[in-house]
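Generate coordinates for the entire structure from the input sequences, incorporating the hints supplied.
There are 2 protein chains.
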Amino acid sequence: MKIRTLIAMYACLLSIFIAYAYYYQQDISRIRSLQDEISSLHGKPDEKYVMVTFQSGMDYWKRCLKGFEDAAESLNVSVEYRGATQYDVNEQVTVLEQVIARKPAGIAISAINPTTLTKTINKAVEEGIPVVLFDSNASGSKAFSFLGTNNYSAGVTAAHEMAKLLKSEGKVAVITSPHQLNHQERTRGFVETIYQKYPRMQVVAVKNGKGDALASKQAAMEVLNDYPDVRGIFATEANGGVGMAEAVAELNKKYVKLISFDTEKQTLDLVKEGAIAATLAQGTWNMGYWSLQFLFHLHHHLTSPSRSGDALLPAYVDTGITVVTRDNVDHFYAK
Amino acid sequence: MKIRTLIAMYACLLSIFIAYAYYYQQDISRIRSLQDEISSLHGKPDEKYVMVTFQSGMDYWKRCLKGFEDAAESLNVSVEYRGATQYDVNEQVTVLEQVIARKPAGIAISAINPTTLTKTINKAVEEGIPVVLFDSNASGSKAFSFLGTNNYSAGVTAAHEMAKLLKSEGKVAVITSPHQLNHQERTRGFVETIYQKYPRMQVVAVKNGKGDALASKQAAMEVLNDYPDVRGIFATEANGGVGMAEAVAELNKKYVKLISFDTEKQTLDLVKEGAIAATLAQGTWNMGYWSLQFLFHLHHHLTSPSRSGDALLPAYVDTGITVVTRDNVDHFYAK
Numbered sequence: 001m002k003i004r005t006l007i008a009m010y011a012c013l014l015s016i017f018i019a020y021a022y023y024y025q026q027d028i029s030r031i032r033s034l035q036d037e038i039s040s041l042h043g044k045p046d047e048k049y050v051m052v053t054f055q056s057g058m059d060y061w062k063r064c065l066k067g068f069e070d071a072a073e074s075l076n077v078s079v080e081y082r083g084a085t086q087y088d089v090n091e092q093v094t095v096l097e098q099v100i101a102r103k104p105a106g107i108a109i110s111a112i113n114p115t116t117l118t119k120t121i122n123k124a125v126e127e128g129i130p131v132v133l134f135d136s137n138a139s140g141s142k143a144f145s146f147l148g149t150n151n152y153s154a155g156v157t158a159a160h161e162m163a164k165l166l167k168s169e170g171k172v173a174v175i176t177s178p179h180q181l182n183h184q185e186r187t188r189g190f191v192e193t194i195y196q197k198y199p200r201m202q203v204v205a206v207k208n209g210k211g212d213a214l215a216s217k218q219a220a221m222e223v224l225n226d227y228p229d230v231r232g233i234f235a236t237e238a239n240g241g242v243g244m245a246e247a248v249a250e251l252n253k254k255y256v257k258l259i260s261f262d263t264e265k266q267t268l269d270l271v272k273e274g275a276i277a278a279t280l281a282q283g284t285w286n287m288g289y290w291s292l293q294f295l296f297h298l299h300h301h302l303t304s305p306s307r308s309g310d311a312l313l314p315a316y317v318d319t320g321i322t323v324v325t326r327d328n329v330d331h332f333y334a335k
Numbered sequence: 001m002k003i004r005t006l007i008a009m010y011a012c013l014l015s016i017f018i019a020y021a022y023y024y025q026q027d028i029s030r031i032r033s034l035q036d037e038i039s040s041l042h043g044k045p046d047e048k049y050v051m052v053t054f055q056s057g058m059d060y061w062k063r064c065l066k067g068f069e070d071a072a073e074s075l076n077v078s079v080e081y082r083g084a085t086q087y088d089v090n091e092q093v094t095v096l097e098q099v100i101a102r103k104p105a106g107i108a109i110s111a112i113n114p115t116t117l118t119k120t121i122n123k124a125v126e127e128g129i130p131v132v133l134f135d136s137n138a139s140g141s142k143a144f145s146f147l148g149t150n151n152y153s154a155g156v157t158a159a160h161e162m163a164k165l166l167k168s169e170g171k172v173a174v175i176t177s178p179h180q181l182n183h184q185e186r187t188r189g190f191v192e193t194i195y196q197k198y199p200r201m202q203v204v205a206v207k208n209g210k211g212d213a214l215a216s217k218q219a220a221m222e223v224l225n226d227y228p229d230v231r232g233i234f235a236t237e238a239n240g241g242v243g244m245a246e247a248v249a250e251l252n253k254k255y256v257k258l259i260s261f262d263t264e265k266q267t268l269d270l271v272k273e274g275a276i277a278a279t280l281a282q283g284t285w286n287m288g289y290w291s292l293q294f295l296f297h298l299h300h301h302l303t304s305p306s307r308s309g310d311a312l313l314p315a316y317v318d319t320g321i322t323v324v325t326r327d328n329v330d331h332f333y334a335k
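From first to last, the protein sequence lines stand for chains A and B. Note that my numbering numbers the first sequence so that position 294 is 294, with each residue one more than the last. Note that my numbering numbers the second sequence so that position 177 is 177, with each residue one more than the last.
No lab work stands behind these hints, which were simulated from the structure alone. Warning: the hint list may mix true and false statements.
As the list claims (entries may be wrong) - Stretches of chain A that chain B covers, calculated by requiring three or more beta carbons in the stretch to come under 8 Å of a beta carbon on chain B: (1) 5-18; (2) 281-292; (3) 316-322.
To be verified - Sample of chain B residues lacking proximity to chain A, with all beta carbon distances greater than 12 Å (derived): (4) Asn122; (5) Lys167; (6) Arg200; (7) Asp226.
Note that beta-carbon positions come from the ideal geometry of N, C-alpha and C, so glycine has one too.
Listed below in structure tokens is the structure:
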């Protein structure tokens with residue numbers, strides 16, 4: 001081999017090397033700037049947040065969980081879904097105890113009733129686990145926030161929608177579950193709004209539908225027989241909506257305008273075929289999404305800094321109500 | 001130069017080169033994984049969000065802006081603070097028009113009154129600019145959410161605090177601004193709670209303090225002269241608090257328990273020296289922080305996906321109230 005060839009190779013290799021080093025250096029500064037860009041809103045995949053419900057197989061929770069999962073994806077953390085399979089207080093307490101024992105990064109819970117879970121929720125908070133309530137509150141507990149529907153406002157919305165359907169005139173009735181706080185509030189919002197804002201409308205009956213389609217059908221039949229000129233009925237929960245639709249069909253009074261609650265498939269089908277004029281959708285995705293955001297902020301100490309006296313998080317988030325009619329019903333079927 | 005030396009150099013250079021290439025390759029995969037970690041909650045520094053207030057120099061806004069800025073830092077975006085310098089409706093409309101003209105990524109606005117800004121706010125929304133309201137609502141507008149104090153709840157909290165101070169017994173009074181909705185609600189929450197929950201307490205007077213220290217002092221003097229056995233006064237705004245403290249000092253009735261509102265420096269000083277027993281701090285940091293989070297989510301279409309019918313954001317966020325007493329007052333001075 002000639003020396004000249006070796007020197008040429010040497011020069012060539014050296015220039016490749018220099019070029020290589022140059023690009024490497026550029027990439028190092030790119031890494032630095034990328035590292036700067038990774039924000040504080042970024043967790044670890046082994047950081048686990050748990051959603052706890054009751055009657056955990058219900059369709060209703062699916063959109064809550066979707067919101068929870070979407071937030072987890074944005075924040076690069078993991079989630080788990082747990083719940084009492086039945087409508088059973090003791091089962092939910094047991095599930096919550098099990099979840100606490102595994103020390104998750106945070107817990108979002110929908111309380112089966114306002115009092116029974118308080119002690120267990122407080123235990124979690126005292127052990128340093130962030131807890132928020134969503135959908136159904138336990139207002140005496142130490143949980144940091146509650147995210148759910150303002151049921152009084154939901155009743156107000158139903159009243160305005162009913163007035164729109166009836167051109168602000170005529171007799172109306174309510175089918176509800178009078179022993180549950182959320183249903184009491186929906187009824188009160190509806191009744192007070194009709195009374196205060198629509199002088200040519202009148203609520204002639206508030207009946208107990210017992211959260212059951214058959215009992216609600218019976219209640220609606222009574223209303224329609226006792227007050228033959230009733231022109232609208234508001235049911236404060238989904239089974240009531242199904243029951244009253246059956247009553248109206250059976251009595252052949254399809255001119256009676258019906259407003260129901262929630263977005264179970266059966267309800268949506270009735271809206272689609274025109275049997276129910278409108279139903280009220282709760283902001284379930286927002287409940288789940290902002291629950292996880294709040295838990296993440298608590299876990300990473302990103303809440304209200306520098307003034308330890310401040311409330312760490314908003315006390316209450318009203319996740320809102322959307323009116324579902326034939327026009328927009330297709331968007332509400334589970335995907 | 002000997003060929004052997006050249007070959008040795010060549011081998012040496014080659015091995016450095018190989019080592020270099022190996023590390024480079026490792027860094028490339030590090031870059032890839034870093035890029036994966038940059039979440040969707042990450043904006044661009046030229047993405048500008050604007051906070052718009054009135055009486056923009058007021059201390060009150062500082063914590064709102066701090067929350068707004070802290071969220072901007074987390075989300076890697078920019079913020080700007082604008083506002084009417086005076087308590088002037090037209091000036092705020094003009095400022096808002098100017099802000100809209102520059103097409104920012106989002107606007108958080110505290111409305112000087114509930115109606116006058118509605119048209120301009122709607123214009124922004126129709127042009128595709130996300131808008132949320134904080135602190136003071138314009139409820140008829142197309143803004144996507146409102147984040148602020150639940151004033152009725154604040155009055156309820158004041159009533160419970162007063163009951164604690166007076167051991168649930170004795171006559172009390174309120175000094176308020178009876179023509180402003182937020183003050184009406186604070187008064188109503190206070191009066192209704194005393195009436196419903198504390199049978200041995202009584203609200204004997206509700207006076208107009210005109211939002212002014214001197215007028216409030218006068219009102220408090222009248223109360224204390226007309227009802228010599230009054231044992232507590234709740235002022236629904238900061239100047240009222242200062243005025244009633246002066247009245248109590250002048251009449252040498254320091255046993256009368258005073259509860260004020262907000263955390264102006266003068267109020268905090270009075271709490272610190274014991275002249276005012278408690279004041280109610282609003283969740284101003286949370287107003288600013290979650291306003292920016294909401295605007296960011298709207299701008300980046302991260303709200304309620306896949307069901308276009310859902311409400312994009314929670315309708316209302318109650319940012320909560322914290323009771324400030326001598327024990328925790330130090331945390332509330334502006335830092």
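Any hints from earlier that this structure breaks? Give me their numbers in increasing order, please.
-> none
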